[in-house]
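Here is what each chain is made of, one letter per residue.
Number of protein chains: 2
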Amino acid sequence: MKLVKAEIIAIGDELLYGQIMDTNSHWISQQLDLKGVKVVRKTTVGDNREDILKAFSEAEKRADLVLITGGLGPTQDDLTKPLLAEYFNCPVIEVPDAVKAITEFFKRRGREMTPLNVLQGHLPSCCEYVPNPVGTAPGMWFDQNETYWMSMPGVPHEMKRLMNDFVLPKLPSLFELPVIYHKVIKTAGIGESWLADLIADWENALPEHIRLAYLPSLGHVKLRLTGFDKDLSQIQKEVENQIQLVLPKIEKYVYGFNEETLETAIGKLLKKAGKTLALAESCSGGYISHLVTSIPGCSDYFQGSLVPYHNQYKRDILGVKEDTLANFGAVSEETVHEMAKGIRSLFHADFGLASSGIAGPDGGTDEKPVGTVWIACAGDGFSEAKKLQLTQDRLLNIQLTGVAVLNLLRVCISQYNK
Amino acid sequence: MKLVKAEIIAIGDELLYGQIMDTNSHWISQQLDLKGVKVVRKTTVGDNREDILKAFSEAEKRADLVLITGGLGPTQDDLTKPLLAEYFNCPVIEVPDAVKAITEFFKRRGREMTPLNVLQGHLPSCCEYVPNPVGTAPGMWFDQNETYWMSMPGVPHEMKRLMNDFVLPKLPSLFELPVIYHKVIKTAGIGESWLADLIADWENALPEHIRLAYLPSLGHVKLRLTGFDKDLSQIQKEVENQIQLVLPKIEKYVYGFNEETLETAIGKLLKKAGKTLALAESCSGGYISHLVTSIPGCSDYFQGSLVPYHNQYKRDILGVKEDTLANFGAVSEETVHEMAKGIRSLFHADFGLASSGIAGPDGGTDEKPVGTVWIACAGDGFSEAKKLQLTQDRLLNIQLTGVAVLNLLRVCISQYNK
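For the protein sequence lines, the chains are A and B, in the order given.
Take 25 as the starting number for the first sequence in the numbering used here and just add one per residue.
Take 25 as the starting number for the second sequence in the numbering used here and just add one per residue.
Isolated chain A (complex conformation) (with noise of 0.2 Å):
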């Protein structure tokens, strides 16, 4: 089978000026991988005519396939339409239905529209109008020398919809696409090489269809098992095959697989098991209540938190004894405990859990440096507490500090609440 090969082309001055970031690159290469199609190359080039159509005399030589972002707007400095008509040599023509998709689009929105804003519904008469039912600039599809483009808008969430639409469902009807069987598994609490050690023996076994990616991620490792066939259903049952074998060698890092979270995993453990949760956050500031209520629906299970940032608060609110704090020190096993039982109580809380440490930059002492942070889970019963020693960076430490808070809760929800 013949790979085919993409070249994906973004236009705009301000992202060579680093004004914005290409996100659209990142995201497009990822959604071609998926599918098995190769991307060759990636080329940012700014709004001047003659970058423009070397890059695309450029792609046509190398690719397969040319995507191409940007350039679409309805003013002077977006050449991309132009670039494409004059580069196919194909006049420029009204197309009614996208004139009048424009027309709709802005008054749906209630805005009034300009002279320049009906020329967007002008194309190259070689192209295939793309529906853009998100913005005012269409897609536009050239099936040209031997190659097929695929002209988008650079505003992410437009460009996102006229590849999940149109582009990505009409790839296997073009090419002969390898059958591809992908598979995430999500594990937390571990690194990347002990992982590693842990499955040497199964990853050496694994057969030459069915490839392993590391996708290492703050405080996460990700393992992606990739399957190539023939056949959709074998290869989905031999990768699937292939999980059961592993998984009892890592299962309890294990949280999900494919798109969830720690979040969502801990959010849909907990809606299982019919429990709620509170949290006491002090080094970690309101993060980890942020990571927790980002997810919809998590108002069925998540009661509520308190950032106590000084100690009075810790004993006052949370019923920290002043012993404790006085004895063993803020960021200590002792405080973490006792913060862990007081949220727990406070919210009336199924699970309650705690951080307390230094964040750095200041606030270090020999014995507690900078990235020393306590953190605790306390039930019906028990009270588990753990140390990190994590970095000198103020954010990574709080960061790393929700990964572990949000993982020692799902170890103890599994282990508790059988």
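What the hints contain is simulated information worked out from the structure, not anything from laboratory work.
Please note that the accuracy of each hint is not assured.
[As the list claims (entries may be wrong)] Which residues of chain A face chain B? A partial, calculated answer using Cβ under 10 Å:
1. S53
2. Q55
3. G215
4. A302
5. C307
6. S329
7. Q336
[Said to hold, decoys possible] Calculated cross-link-like contacts (lysine-lysine; reagent style DSS-like; alpha-carbon spacing at most 25 Å):
8. A:K78 / B:K78
9. A:K62 / B:K78
10. A:K276 / A:K210
11. A:K78 / B:K26
12. A:K210 / A:K299
[Said to hold, decoys possible] Which chain B residues stay away from chain A? Per the calculated CB distances, all over 12 Å, these:
13. M137
14. S149
15. P196
16. D221
17. A229
18. P231
19. E232
20. N282
21. E391
Note that the coordinates shown come from a computational prediction; the quantities given were computed from them, not determined experimentally.
Built from N, CA and C at the ideal position, the CB exists for glycine as well.
Since the structure of chain A is already known, use the hints to place chain B on it.
For chain B alone, coordinates are given in the frame of chain A:
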């Protein structure tokens, strides 16, 4: 003056397949733009001999300066170094200083050095060795074919170190760069087009050698003034004069300049006034506390916060009246006033902030649709509330609420703390 043209080449399969987002090229763009170097193209290619050599030869035709990131690891996938040697036709030789630096790097970290790591100290004979104090892959500087070339590791903090220590300081000795002075005015609480209306007369009267850019981001608009001249002190004076002219028109929206954020600006205001802060976050769920506590030294003014995610906690812990909740609901002007007063008193703070709203996607009604948010700021003898009508998107609503609440605090500090 001839414009200096630069091209950025990022190398690595992981960038093409969307496993890693290339943030390096964006950062490099920004730095070069600040120096008056024009980036004419960004290219991403995979770990493939022909593609990399092609990218080199194309870049050489277009650019005076080529900045390359990635492909410098110790394994066979990493092709940048041998291909640069091949392209410039010079052998790879041992560079004793480089080998020594790598050896010491491993020694400092207490890690084992492999033979592959030693080879990272072997470099093309035609390059200048550029020490990398934070990693094992050295930088390489070439003055070849009437173009300057710099090859750097793809790890962002290593690349930034080499750019900051070596490349950026070197530019003025290589090129005749324009003298540029930038200043950014940071605003919140006003949209881009309203801001543009307010300053239209001033903007139209700007001299040609001072340019204005609007840089909008979530809830903020930055105004960047860029002045070009022969003489730095002269252009600096002119830009600062223009800022003094425009400030009175937009003063109430301006929270700072250049790198200042709303969080740091508020921290400064509170420290200066010797005042403290507490937060009651319902719909924003801890996000604002996280913003405030991300700033080092915030314990000087931040007392703490509460996320009372259900009405009973607004009542029992914050002291919001049962009647208020029953008559007006949790998302109401009356409730946020009581929340702001309640949190102020719970934490003995000078300023109390509150948010309550419907973040979505569920929970909206005809009267209070998703995106309805009330915020308040209470202090000694006052309480100010404001209604926001935001979006359908939960995370966006949380973030926009954060900006609005902190901006309300900023306005209140200025207004009530004279």
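Which numbered hints turn out to be false for this structure?
Structure breaks hint 3 only.
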